[in-house]
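**Student:** Build the full structure now, drawing on both the sequences and the hints.
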Amino acid sequence: MDTDEGCAAALVGRERESAVLARAWLRVGAEGAGVLLVRGDAGLGKSRLVAEFAAGLGSSRARVLRGGCLDMGPDNLPFGPFVTVLRRLTRDLGTSAAAALLPSGGRRGLARLLPELGEPTPEVDPDLGRARLFEEVLILLERAAEGRPLLLVLEDLHWADRSTCELLAFLARNLDQPGVLLLGTHRPLAPHADAPFAALPALLARLANTETLDLAPLARADVARQLADLIGRVPDPRHLERVFRRSEGNPLFVEALAGTDAQTPAPLRELLLAEVRSIPDPGRRVLRAAAVAGSTLGHALLRTVTEFDEVALEDALRPVVDARLLIATGDGYAFRHTLIRDAVYGDLLPGERIRLHTRCARVLAAEPALAPEGRAAAELAAHRYAAGDRARAFAPAWHAAVAAGTAYAYAERLAMSERVLDLWDAVPDPAGELGTDRIGVLELAADAAVHGGAADRAEQLLTAALRDLDPAREPERTARALASRAAARARTGRDALPDLERALRLTPADRPGPIRGRLLASLADTLAARGRDEVAREHARDALRLGEALADGSVRARALTTSAMLTARTGEVAAAVELYEQAARIARAEGCDDDLLAALAGQADALQAAGEHRAAAEVARRGMATARTLGLARSRGTLLAANLAEPLVALGHWSEAVEILTDAIALDPPPVYRAWLCVVRAEPAAAGGAHDVAADALREARDALGSPHTQETCLEPDVLACRLGYARGDLAEAHRVLDHVLTEHDLTRSRRYGWPLLVVAWRVQRLRRAQAVRDPSGRAAIDARLAELLALGRELPTSGRVQYAHRRTFEAEAGLGSWSDAVAAWRAIEQPYALADALLGSAADALTTGDRESATAYAREGHPLADRLGAHPLRVQFEQLARRGRLNLTPEPGPAAPESVDARGRLGLTAREFEVLALVAQGLGNRPIAERLFIATKTAGAHVSNILAKLDVGSRTEAAALAHRLDLFPSRPG
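First residue of the sequence shown? That's 1 in my numbering, and the numbers climb one at a time after it.
These are computed hints drawn from the structure, not numbers from a lab.
Check before you lean on any hint, since a few could be wrong.
[Said to hold, decoys possible] Computed Cβ-Cβ distance ranges for the label pairs, DEER-style:
#1 Thr436 x Pro280: 49 to 55 Å
#2 Glu931 x Arg545: 37 to 43 Å
#3 Arg23 x Leu966: 36 to 42 Å
#4 Glu931 x His740: 41 to 47 Å
#5 Arg390 x Asp470: 26 to 32 Å
#6 Arg614 x Gly925: 26 to 32 Å
#7 Thr436 x Ala574: 47 to 53 Å
#8 Pro122 x Arg585: 17 to 23 Å
Since this is a predicted model, take the numbers as computed values, not measurements.
Built from N, CA and C at the ideal position, the CB exists for glycine as well.
**Tutor:** This is the structure we're talking about:
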């Protein structure tokens with residue numbers, strides 16, 4: 001880590017930059033957590049600037065926590081700077097107090113980074129474990145900041161490992177609590193550089209809470225001030241000019257040139273080495289050993305590596321520290337700047353470098369505690385590898401790979417596993433040394449790859465493993481590898497079914513084990529998603545029987561969830577709900593968190609599909625609360641957010657749904673969940689006339705889905721694309737999507753989306769036919785397509801009230817039924833947009849037959865529905881119909897609105913703001929309001945600010961008092 005602490009020269013020329021830091025600190029205190037990246041070339045004083053700023057805050061104003069990244073490539077400690085920061089925070093708070101801030105005391109997540117929190121609880125699903133770990137880091141930081149603001153300094157992020165970058169991105173997106181500033185330093189990197197951090201600045205720059213501060217070289221006047229401070233007098237003008245020209249305003253170079261005549265054209269490396277060479281020989285030996293041992297090292301390690309006794313080491317170190325080449329840091333030392341370490345390391349003779357790396361490896365093998373905490377295996381592997389001792393680097397690399405996995409550091413585990421594979425032939429008996437064969441290493445590497453987001457690489461590794469496996473000799477192991485490859489292929493949108501089916505054939509039905517149960521459950525789910533219901537139901541039954549025989553709670557829960565989904569498709573909603581609840585009970589009892597949330601999500605989806613929108617929303621809310629309790633709000637919790645938003649859209653609560661969807665998308669969910677969130681988000685946008693917003697959401701959904709192999713993940717966005725094309729008048733695009741669907745999909749396997757697709761398809765074709773008046777051949781083709789749609793309508797079964805209502809709408813569109821039947825069907829379901837759409841059709845049909853009275857009644861009912869929803873295109877269609885038929889849309893006088901609705905209108909509050917005001921009146925703060933309403937804390941705060949402005953009051957207390965005075969919530973306590 002670069003550090004300018006201890007530098008004799010004053011900090012000069014950084015007044016503007018210091019002001020930027022001060023403003024950022026004030027902003028995070030008032031508005032919420034933020035990120036500030038200080039970017040600049042080596043030697044410009046990034047660390048010095050940050051150190052001066054932190055020192056100026058004082059311990060009473062802030063808790064300052066520092067961590068730095070090391071230049072060790074794949075040998076870096078996963079989450080390195082965060083481990084340092086979190087360990088210091090835990091010790092500062094006290095281990096018991098820190099544990100009390102976390103769900104389950106941190107043992108289900110953060111204990112994997114901080115052993116002092118106790119033995120980590122085993123996690124079945126690595127993806128959920130990693131999500132829980134990130135969530136607990138977030139919780140600890142936010143809750144610690146409630147007591148005293150936090151400044152987290154993360155140095156040298158250009159060397160950050162991938163896990164550190166992923167956690168930093170997660171925190172930047174999700175930190176809400178005021179009083180947390182993440183302050184990072186890094187050198188400029190090209191966006192496509194071969195470093196995990198390279199792409200992160202551009203990603204973070206899109207976030208509203210992130211700012212980048214670029215450090216420029218010092219101006220000539222500032223160099224003069226620095227030079228005067230260094231040499232103790234005003235510099236000679238010619239000397240100043242030479243130093244300024246050669247240093248180009250870089251403070252580190254100014255310091256290197258200060259004691260020279262600045263005329264030598266020596267490269268910077270020679271300038272940096274000039275002072276090193278002026279140090280007595282024992283000090284130079286210390287510097288050479290330190291350069292090999294690492295940028296930061298403990299005193300005990302340095303003594304052991306140099307083989308000096310205590311007194312001799314102190315004597316050797318004194319001139320080195322006085323010259324500020326090494327800086328004392330706690331119980332060890334650090335190079336003042338990485339450029340100095342690089343210069344010293346580069347000056348080593350080849351034999352000298354190998355000898356010192358060998359010596360470091362020997363010391364760490366004998367005394368692992370001398371390495372930084374948690375780094376012994378990785379450091380040992382790195383030193384032996386650098387020394388060319390490939391055979392003895394083998395086992396430590398394996399141990400480092402295993403250790404990285406316990407902290408969900410998948411990128412680092414993958415890198416170290418691949419190093420083990422690279423070194424495999426360097427060892428006489430590699431399998432004996434590791435206790436596993438090469439296939440086991442390939443499997444470990446593939447597991448790290450698939451969970452680290454490199455599913456393509458996982459598939460390659462597993463394919464290599466399968467080439468080495470003999471199914472006849474190891475059928476079960478081959479089956480496991482096939483199941484793993486199926487999971488990797490599913491993540492990249494490739495067909496996973498053949499691998500699952502082959503894996504099942506390799507597991508004996510007469511001697512079934514756990515792997516067969518898991519395969520049956522996976523196959524049942526995969527086949528159900530493809531619409532192959534009968535064989536899926538059979539596999540689910542077999543999985544359930546096997547799960548019960550083996551007492552495998554996860555297999556039982558998964559089998560019941562799939563059975564419930566299949567049951568719901570037949571219209572037996574009550575039976576499906578019972579199966580979902582049974583699956584949830586088993587999963588809860590067995591501690592299978594993901595299976596529990598999957599059951600709740602499935603139940604909400606089934607209720608929504610059946611038109612039980614309020615019940616669906618209630619189950620989804622319960623699921624989101626459960627996900628938050630389990631620390632999985634940003635993984636499965638985002639899926640449940642879509643489950644909640646979908647019935648809210650159906651119920652006409654579009655603003656609330658969009659709010660929930662926006663907050664969930666901001667949590668950076670997994671791609672499949674993001675796709676569904678975007679599809680649900682696009683529906684009210686399209687209906688409301690925000691066609692560009694809907695198109696963008698649809699595009700993002702398709703990008704996230706990749707190449708899906710299931711009926712419903714394809715059809716739902718296809719239905720939306722057809723609706724959007726029809727709404728925009730882009731009939732060619734709507735027809736293209738329709739043609740694709742009718743060619744590539746069997747709609748009878750997906751009645752849920754088949755019926756709404758038929759409705760919009762008929763409208764598209766009918767409008768195309770009207771436009772093809774002078775094109776007989778075109779009209780003939782369209783007539784053929786209309787006939788095809790009629791045939792599909794006769795063939796497509798119906799189950800449940802929603803599908804029945806869609807069927808009645810299709811029949812009315814096609815002239816096979818009455819619009820009054822469609823209106824009655826939608827009226828039976830609380831779905832106002834679909835009802836308004838049917839009322840428009842009824843009004844137009846009545847007007848065609850000369851029944852103006854019925855047309856007026858239908859229009860008067862539908863027009864205000866469209867208006868209240870914000871369905872602008874539908875409202876305009878009602879108004880155009882009224883003008884064409886000379887209908888009066890003014891409704892007859894009705895009963896007065898309820899007093900609460902009238903009060904809300906008089907105060908100018910939206911429905912959501914009224915809901916928030918009710919919670920404010922109960923004395924709730926932003927965080928509990930957000931938790932009650934399943935929105936982000938920032939969103940809750942924005943609502944409160946809007947309420948205060950609309951009510952013209954200055955505080956939450958005044959707002960609550962006004963609400964009580966007006967008796968807005970008479971049923972609320974106190």
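**Student:** Give a verdict on every hint.
**Tutor:** Okay, the hints, checked on the actual structure:
no. : hint                        : verdict
1   : Thr436 x Pro280: 49 to 55 Å : holds, 50 Å
2   : Glu931 x Arg545: 37 to 43 Å : holds, 40 Å
3   : Arg23 x Leu966: 36 to 42 Å  : holds, 40 Å
4   : Glu931 x His740: 41 to 47 Å : holds, 43 Å
5   : Arg390 x Asp470: 26 to 32 Å : holds, 29 Å
6   : Arg614 x Gly925: 26 to 32 Å : holds, 28 Å
7   : Thr436 x Ala574: 47 to 53 Å : holds, 50 Å
8   : Pro122 x Arg585: 17 to 23 Å : holds, 22 Å
Checked against the numbered hints given earlier, the structure satisfies every one of them.
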